[in-house]
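Since chain A is already given, all that's left is putting chain B on it; use the hints.
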Amino acid sequence: MTHLVLIIALACTLLLLVGFLLRDALGGRGRRHISAAAPSYGEIPSRALMDRIFAEDDFSFVAGEGTKQIRRQFLGDRRKLALAWLSQTKGQATAILRSHLTAVGTLDLQPATELKLLGHAILFFGVYAVLRVLVGFYGAFWARSFVKNVLTLAGRLSGLGGSILADAGRTGLQVARSQGHA
Amino acid sequence: MSTTAGFVQVTGWLTVSLLVLLLIRAVVGRTFKVFPLFYSYASFVLVRTAVGISIKWSTDAYRIFYWAGEWVSLVLGLGVTWEIYRKVLARYPGVRRLAFMLLSLIFVLVGLVSAVGQGEGPFSVLALERDVRTVQAIVLLILFALVAYYAIPLGKNVRGIAIGYIFGVATSVFNLGFANFVGSRYYWLWNRNRALQFAVALVIWCATLWKFQPEPIPSNEDVEQDYEWVSAQAARAIVRLRTHLIHPDGS
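Which chain is which? The protein sequence lines are A and B, in order.
In terms of this note's numbering, the first sequence is numbered consecutively and its last residue is 358.
In terms of this note's numbering, the second sequence is numbered consecutively and its last residue is 248.
So here's chain A without its partners, still in its complex pose (with noise of 0.2 angstroms):
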């Protein structure tokens, strides 16, 4: 039964593929731009405008002195201005890969370095869709402050595991050395 299902499976995104194919056959997507020069990098959305989106200063005057549906209405104008920083973000992370692939296309291509980047286009767009669900779900604050925990947690974990490491050197070394091996 499995196989018969993985086979349906394979049938159907066949199907899917012949879809897509159709559908920039018949105009949809037409034919995509080539640019013939150099790819550019372009801009990264502004890091003051995130400083300011995500500002705790701003929550907690208004927390302070706003009424609850002033409030409302802040964390839900920051959570829509987060989203835009996040969307633009990835427009800008999308152009590059994109840039980059319609650049390399009909060079001699690298299959590690191909990887490589393959790696980091796919590691950038699984933090954004993460931060995407978080900020979505449980709004812009809330998600800076997780960040920022799980951030502290990950530089602790590494601090104890470098210590880890270097005492267990350092023993290992003593008892080499007691040993008469070094």
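Check before you lean on any hint, since a few could be wrong.
[Said to hold, decoys possible] Residues of chain A placed beyond 12 angstroms of chain B at every Cβ, according to the derived structure:
1) CYS188
2) ASP200
3) LEU251
4) ARG255
5) GLY315
6) LEU333
7) GLY337
8) GLY338
9) ASP343
10) ARG353
[As the list claims (entries may be wrong)] In the SDA-like style, the derived pairs of lysine to any residue whose C-alpha atoms are separated by at most 20 angstroms in a straight line are:
11) B/LYS153 <-> A/LYS266
12) A/LYS266 <-> B/ALA232
13) B/LYS84 <-> A/ASP200
14) A/LYS324 <-> B/ILE243
No lab work stands behind these hints, which were simulated from the structure alone.
Just so you know, even glycine gets a beta-carbon here, dropped at the ideal spot from N, CA and C.
Just chain B now, kept in the frame of chain A:
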């Protein structure tokens, strides 16, 4: 003549007419020389279908005729896949090399899986054909995943061949999978459907191969670019964007 036999005759001759039209257009539209493997496949299917529906076969003789024809058409079909691969990636040596590596990996994996799975059950021609078609389907999916990833533009002719052929492989994988699972009860439906399914592919081919259309030439073909530099720039930009997402305040 029973209703089923009548249906098979009508759809069979419809297929033959479309194949004749396709081959006439191949000569008039000067596409025959450009896609020799595809037209060899179409010519073989034409002869096979015309002979198959013209002669009154005994069951045993038809079985031999059917399976011999099926295998020749399968081998010629692999040639069509090869022709699509060659034409689509003709101006993209780097992508061609990547595709070749990926496909080699797939063939090694399939070989390993077959070697491990040998002796799991009785040998079946139907299951073998299904497996070969499945591998062909995976090859086509990998090829078009690369085409989509590198935004490779497709010419109208080769796109048409690919659409019709992938549709044929998809219906074939589907039919063989069901026939293998359900058994002879499915043959009734399969017999009625297969000519119609092939007719759909033929209509697509006739429309897209009506006249010769050259493959689009990438406009950056002659532009000198340092691949290592371009890739490093792209990777750096993506990493910067990721850092930007996680640490928007620059911390």
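Hint check:
no.: 1; hint: CYS188; result: violated, 8 angstroms
no.: 2; hint: ASP200; result: violated, 7 angstroms
no.: 3; hint: LEU251; result: holds, 18 angstroms
no.: 4; hint: ARG255; result: holds, 15 angstroms
no.: 5; hint: GLY315; result: holds, 15 angstroms
no.: 6; hint: LEU333; result: holds, 16 angstroms
no.: 7; hint: GLY337; result: holds, 19 angstroms
no.: 8; hint: GLY338; result: holds, 20 angstroms
no.: 9; hint: ASP343; result: holds, 29 angstroms
no.: 10; hint: ARG353; result: holds, 42 angstroms
no.: 11; hint: B/LYS153 <-> A/LYS266; result: violated, 32 angstroms
no.: 12; hint: A/LYS266 <-> B/ALA232; result: holds, 15 angstroms
no.: 13; hint: B/LYS84 <-> A/ASP200; result: holds, 18 angstroms
no.: 14; hint: A/LYS324 <-> B/ILE243; result: holds, 8 angstroms
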